[in-house]
Amino acid sequence: MKVRVKHEVCVGHAMCVLACPELFRLSDEDGHAVVKDEQVPPHLQDAVEQAVRGCPEGAIETA
Amino acid sequence: MTSARKPGKQCPISFNHESADHARRWVEEFDEIRSKCPLAWTESHGGYWVVTRYRDIVEMAQNPHCFSSRKTIDQATGESCGGASIPSVPGQIGIPDETDSPEWDGYRSFLNRRFAPKAVEERRARTERFAAALIDRVIEKGHFDIIDDLTNPLPAIATMDIFGLPLSEWNDFAEPLHRLMYLPKEEPGFIEAAGRLQWMRERIEELVIERRKNPKDDLVTYLGTGEINGRKLDDETIWSMAFNILLGGVDTTTALTSNVLIYFCRNPDKKKLFLDDKDAASVAREEFVRYFSPIHGIARTATTDVDFNGQKIEKGDRIYLAYAAANHDPEVFGDPGTVNLDRFPNRHIGFGAGKHRCLGSFQARMMFETMIHEVLTRMPDYQIDESRMKPYPSVSVVNGWISLPATFTPGAKVGAPPL
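First to last, the protein sequences are chains A and B.
So the first sequence is numbered by the working numbering: it starts at 164 and just counts up by one.
So the second sequence is numbered by the working numbering: it starts at 3 and just counts up by one.
Think of the hints as simulated: they come from the structure by calculation, not from any bench.
Be a bit skeptical, because a hint or two may be false.
Examples of chain A residues toward chain B, derived with CB under 10 Å [claimed, not checked]:
id	residue
1	VAL172
2	ALA177
3	MET178
4	VAL180
5	LEU181
6	ARG188
7	ASP191
8	ASP193
9	PRO205
10	ALA214
11	VAL215
12	ARG216
13	CYS218
All C-beta atoms in this analysis are idealised placements derived from N, C-alpha and C, irrespective of residue type, glycine included.
Just chain A, with the same shape it has in the complex (with noise of 0.2 Å):
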């Protein structure tokens, strides 16, 4: 699984580094999210996945 953050969609809600921490940080310059590794371990792609169902944009996407 991949995962990639919709710039131009994100806000900075932030429910993605809550969900997932070890892939999603935040931005120093305005608190957007970055993916850290777009690659998704099996151990992680259930946070992922509420990582996609908790941002209130839709702004996370895995393919």
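Use these hints to put chain B onto chain A, whose structure you have.
What follows is chain B alone, placed relative to chain A:
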């Protein structure tokens, strides 16, 4: 697809988000409206749409081109039009919250870094010292007012500190801003508080002049010397940004923290988890934001005629996006009327949605955590006198409290630097 639209605003309701009735039973009232008329029209305050469904609110918030935040002031009459609140707060525009793109983009990115998580974390230790000093003032007495002694001053002092304003003046700013938040707009106290804004403006302008001569690493220096698109900020913009930040900073975290301290008083078994488990505390914190929704809603203005959910919104129509209603929408949140501290994921929009989403959310969370931690550790047995609790008469702007007297077993000062 075309169909004949009935003329006029469909789904008329009798609704006023500023009313005492609404303050008393907003959860139920929003539930009723949401199930009968998710896009409803009220004639209050000159008429506005009331949007109560989560998905509609997010859709509108994500479409600033159609649903504008801009406020304009008629220079001759001082009358204001549009903007983030219904009715419009007269004589004053908030920047960036009452602007649209393209201006919005420059304003917002100018401020982002100062309120981003890293900048906020750098202020945590200082904020903890402010909270400790506030509790030191009352800890030996065995009684205090949660609002007057902690949840009102702490965010105000922290915000003053961000600005670089003298901390001793915190109440000169906080007290009138507090009144602007909950008093009905016709009351003399509201009008007087609005008058105090002029004093605040002059105070900040004084400090800008001083900082241009002696710069420091504070927000006033940044407002006075920074640039957007290669140009310095004019006085009007400086004050409008300061106003926006003061409004955002001063009453909202107060309301959240006060509501949560009531919750912990009534549910003392939840205190331990909050203190012992940082991850659980973060999840709980977001559930509190969802449930209490300190900022109940925000306004927009339609820039064009638009068909929405089978209704015709007309150009110029005012629209109330009821964030609190979205946060209690059963389509999104199971059992929304229950505080579930394990709720996760929690896609609440208590800090708003779309690009105008709260600049200060990280600051708010940090101040909230600081205050809760201070009370739970230094006053573990605090009890609120429920017979003397005084809520805001209106939740139209902030869902908050006027007074929350409490008692506790006295303790010792920790000797934090006095304010």
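Evaluated hints:
no., hint, verdict
1, VAL172, "holds, 8 Å"
2, ALA177, "holds, 8 Å"
3, MET178, "holds, 6 Å"
4, VAL180, "holds, 9 Å"
5, LEU181, "holds, 6 Å"
6, ARG188, "holds, 9 Å"
7, ASP191, "holds, 4 Å"
8, ASP193, "holds, 4 Å"
9, PRO205, "violated, 20 Å"
10, ALA214, "holds, 7 Å"
11, VAL215, "holds, 8 Å"
12, ARG216, "holds, 5 Å"
13, CYS218, "holds, 7 Å"
Hint compliance for this structure: hint 9 alone is broken.
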